[in-house]
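Asker: Below are the chains, spelled out letter by letter.
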Amino acid sequence: MEYLPNILFAIILIAGIGYFAKNVKKLIRNIKLGQDVNVSDNKNQRWKNMAMIALGQSKMVKRPIAGFLHIVVYVGFVIINLEVLEIIIDGLFGTHRIGLKILSESVYGFLIGSFEILAVLVLVAVIVFWLRRNVIKLKRFLSSEMKGWPKSDGNIILYFEVVLMCLFLTMNATDTSFQALDSGNIISQFIAHWFNGFSEGTLHIIERAAWWLHIVGILIFLNYLYFSKHLHILLAFPNTYYGKLTPKGQFTNLESVTNEVKLMMDPNADPFAAPPEGAEAAVPAKFGASDVQDLNWVQLLNAYTCTECGRCTSSCPANLTGKKLSPRKIMMDTRDRLEEVGKNIDANGGEFKDDGKQLLGDYITNEELWACTTCNACVEACPVSIDPLSIILEMRRYLVMEQSAAPMELNNMMTNIENNGAPWPYNQMDRLNWVNE
Amino acid sequence: MSNELKVTTMQQFMAEGREPEILFWVGSAGSYDDRAKKITKAFVRILNKANVDFAVLGSEESCTGDVAKRAGNEFLFQMQAMMNIEILNAYNIKRIVTCDPHSFNTIKNEYPSLGGQYDVLHHTQFIKELLDAKRLSLTEKTFKGKRITFHDPCYLGRANTIYDAPRDILKATDANILEMKRHKSTALCCGAGGAQMFKEPEKGDMDVNVLRTKDALETNPNIIATGCPYCNTMMTDGIKAHEREGEVQVMDVAEIIADSEAL
Numbered sequence: 000m001e002y003l004p005n006i007l008f009a010i011i012l013i014a015g016i017g018y019f020a021k022n023v024k025k026l027i028r029n030i031k032l033g034q035d036v037n038v039s040d041n042k043n044q045r046w047k048n049m050a051m052i053a054l055g056q057s058k059m060v061k062r063p064i065a066g067f068l069h070i071v072v073y074v075g076f077v078i079i080n081l082e083v084l085e086i087i088i089d090g091l092f093g094t095h096r097i098g099l100k101i102l103s104e105s106v107y108g109f110l111i112g113s114f115e116i117l118a119v120l121v122l123v124a125v126i127v128f129w130l131r132r133n134v135i136k137l138k139r140f141l142s143s144e145m146k147g148w149p150k151s152d153g154n155i156i157l158y159f160e161v162v163l164m165c166l167f168l169t170m171n172a173t174d175t176s177f178q179a180l181d182s183g184n185i186i187s188q189f190i191a192h193w194f195n196g197f198s199e200g201t202l203h204i205i206e207r208a209a210w211w212l213h214i215v216g217i218l219i220f221l222n223y224l225y226f227s228k229h230l231h232i233l234l235a236f237p238n239t240y241y242g243k244l245t246p247k248g249q250f251t252n253l254e255s256v257t258n259e260v261k262l263m264m265d266p267n268a269d270p271f272a273a274p275p276e277g278a279e280a281a282v283p284a285k286f287g288a289s290d291v292q293d294l295n296w297v298q299l300l301n302a303y304t305c306t307e308c309g310r311c312t313s314s315c316p317a318n319l320t321g322k323k324l325s326p327r328k329i330m331m332d333t334r335d336r337l338e339e340v341g342k343n344i345d346a347n348g349g350e351f352k353d354d355g356k357q358l359l360g361d362y363i364t365n366e367e368l369w370a371c372t373t374c375n376a377c378v379e380a381c382p383v384s385i386d387p388l389s390i391i392l393e394m395r396r397y398l399v400m401e402q403s404a405a406p407m408e409l410n411n412m413m414t415n416i417e418n419n420g421a422p423w424p425y426n427q428m429d430r431l432n433w434v435n436e
Numbered sequence: 000m001s002n003e004l005k006v007t008t009m010q011q012f013m014a015e016g017r018e019p020e021i022l023f024w025v026g027s028a029g030s031y032d033d034r035a036k037k038i039t040k041a042f043v044r045i046l047n048k049a050n051v052d053f054a055v056l057g058s059e060e061s062c063t064g065d066v067a068k069r070a071g072n073e074f075l076f077q078m079q080a081m082m083n084i085e086i087l088n089a090y091n092i093k094r095i096v097t098c099d100p101h102s103f104n105t106i107k108n109e110y111p112s113l114g115g116q117y118d119v120l121h122h123t124q125f126i127k128e129l130l131d132a133k134r135l136s137l138t139e140k141t142f143k144g145k146r147i148t149f150h151d152p153c154y155l156g157r158a159n160t161i162y163d164a165p166r167d168i169l170k171a172t173d174a175n176i177l178e179m180k181r182h183k184s185t186a187l188c189c190g191a192g193g194a195q196m197f198k199e200p201e202k203g204d205m206d207v208n209v210l211r212t213k214d215a216l217e218t219n220p221n222i223i224a225t226g227c228p229y230c231n232t233m234m235t236d237g238i239k240a241h242e243r244e245g246e247v248q249v250m251d252v253a254e255i256i257a258d259s260e261a262l
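These protein sequences, in sequence, are chains A and B. Residues 0 to 436, numbered by numbering that gives the first Met the number 0, are exactly what the first sequence covers, in order. Residues 0 to 262, numbered by numbering that gives the first Met the number 0, are exactly what the second sequence covers, in order.
Some hints could be false.
What the hints assert, rightly or not - Computed spacing ranges between beta-carbons, pair by pair:
#1 B:A240 - A:E436: 23 to 31 Å
#2 B:K143 - A:P63: 31 to 39 Å
#3 B:N219 - A:N43: 40 to 48 Å
It should be emphasised that the hints constitute simulated quantities derived from the structure, not laboratory data. Don't be surprised by glycine CBs; every beta carbon is placed ideally from N, CA and C.
Take the sequences, apply the hints, and build the full model.
Answerer: Structure representation (C-alpha cells):
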C-alpha cells in the first residue's frame, strides 16, 4: 500500500501527458490539411527570428506596458516550471524535495527563492492583465469577436495562473522542514505566519494537498491549451520560425497562373495541343482560397498560434474607422473553421464529408475582405509573426478569379487595365502628354 | 519653372544607340492623374537639374499590375508584369526609379520571379543618392524652418522598410521635420492601398484618410509631405474634410525639393 501515491501519481501523469499528446497529434493532422508550401530556405535567418521574436519577445515590447508584464509571466512560467521536474521525480519515487539531495542547500535555496519571487511577480502581472481585460476595459479586448468564449477563455487562463502560483507558495509555506531550513523561503516565510496556529499534522495535509493540486493543476492546464487561445506558448516558436522572410510588401506569385499566362503569351503555343502527360494533375482545383484546406499549412499554423491579443486589429486602418474587418477575427475564424473540419473528419472515420459550409461566407464575409487596404499594419503588429493579410489576399483571389465577385468599381478598374494598360480609361498613347502640358 | 522639361524616351535612346543611366518609371497615376503629373514634373526638373541621363518608356509603359494583384486578379497582374518585363528586358534596363511606392514594390519584389530583375529605387532614395554624390545641392532652401510632417506610404515604409531616405532629404531643406504619433513602422495607411483607391469604402464611421489626416494635423504642420501619388490624393481630400485646405498643403517630397530650389 505504501506505493499507492506513487502509482496514483504515475497514472495521473501518464493520463495527463497522454491526452495532451493525443490532441497534439490531432493538431498536427489539422495543420497538415493545408496546402504544401516550401519553407525550407534560409534556416539561419529562421532560427534567428525564432530566437529574437519568440524567445527574446522582441516584438512584445513594442507596447512597453503589456510587453513588460508579458515578459514577467513568460519568464516566470518557464523558470518556475523547473520546479515541476522536482515534483515529477518526487511523485514517482516517493522522495521529498529531491533537489536538496542533489544540490547544495544554498543553491537549492537560491533556486526556490527565485521561483518564489517570480511567483509573486507573476501574480501581480496576472492581476494587472485581469484588470486590463475586465475593469479598465481596453478597447481591443471588447471587439465583437471577443464576446462569449474568447472572453471567458482569456479570464480562465488568468485564474489558472493565479491558482497555480498560490498553490506553489502555499506548498512551500506549509512545508515545515523546508521552512526550518530557512533557505529559499524568501516569500513563503511570511505566508507561513498565517498558518501559525496549525498543528504539524494539519500543515502536512495542507502541504500535500497543495502539492497534489499544483501538479494536477499543471496537467489540466497543459490539456486546456488545445482548447484555448493559449496554444501560443508552444506554437509561437514554430510560427516565428516559419514566418515570412521576404519584404512585407511582396505577395506570392501564383505559379499555376504563371504557367497559364506564359502559354497565353507564347506565340508558338498551340491552343489545341493536348496537354502533356501528367500535366492535368498539376492544375490546381481552384485559384485562391474559399476554405481552410485551400490555405497553406503555415497559414493554418498561424491560426492555431493566434492568442487573440488584438494588436493587429487595434492597428488596422479599416477596423479603426469602424469597418467590419478585424484581422484577429480572420485568424479566429480560420481556426474555428479548421476545428470544425477536424471534428468532421473525426466523426466520419478519417475523411472529410462536405458539410455545405466553408470559410468564405459562413465565417468571413466579402465585406470584411474588401475593406482591407493591404497596408501590412496587422502583420507588423503581430508579436508572433502571424500574417492575416496573406489569408485575406487568398480569399480575394478566389472571389475574383473563381467567382468574378469583385465590387463593380474594381471590375471597371480591371477592365481599364486590360483595355488600355491603366486603371483609368485613358489612351495608352497619351502616357507622355504630361511633358508638354 | 519656365525651363522646358527634357524628357527622352527609351525608343530615342535606342535609336541613338545609347543607354540611359536610369529608367524613370512614371506609373499610371504619374502619367494621367492631374495632381500626380505635377509630382512627375517636379521629379523631372530635379533629374534635369542634376543632369541625370534618364529615359521614360512613354507609350510603351503599362500598368505594373500592382492594383490588380492586390484586388485578387493574379491573372491580370501576371499578364501586365510579363508584358512590362518583356519590354524592360528588350531595352536591357538595369536601374529603375519611380515616384510610386506601389510600382516600386511590385517591380522590385514581384517581378524578379517572373523574369524581371532590376535595381529598383524609390525617387526619394534616388534624390538622396544625388544629394550624397553632390550631383544636386540645395542652396536656396526656401523651406527653411517650415513645419513639415512626413506620412510614410505603406508600400515604401512597412512593406520595404524604407523610412530614412525621405526624411533625410527633407532634413536637407532645413525644414522643421515633425513626427506624427503613428510613424515609420506604426504609420497608419492613407486608405488607398489594396485597390481601395478605385472603390467606395465599406460602411464604417469614418474614412481612413480623414483619420490619417487628423494624425498629421495634430503635429500642426505647414506641409504634409508624402512620397506616393495615392497618399497625396487621400491626404489632400482629408485636409478638405477637416476644412484646413487654406492653411495646410500636401506635397510630394520631390515637389518640396524642386520648389525649395525654385526649379
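Asker: Confirm or reject the claim that B:N219 and A:N43 have a C-beta distance inside 40 to 48 Å.
Answerer: For A:N43 against B:N219, whose Cβ atoms are near 46 Å apart, the range 40 to 48 Å holds.
Asker: Should the hint that B:K143 and A:P63 are 31 to 39 Å apart at their CB atoms be regarded as holding?
Answerer: holds (36 Å)
Asker: Using the beta carbons of B:A240 and A:E436, state whether their distance is inside 23 to 31 Å or not.
Answerer: holds (28 Å)
This entry satisfies every hint, going by the numbered hints stated previously.
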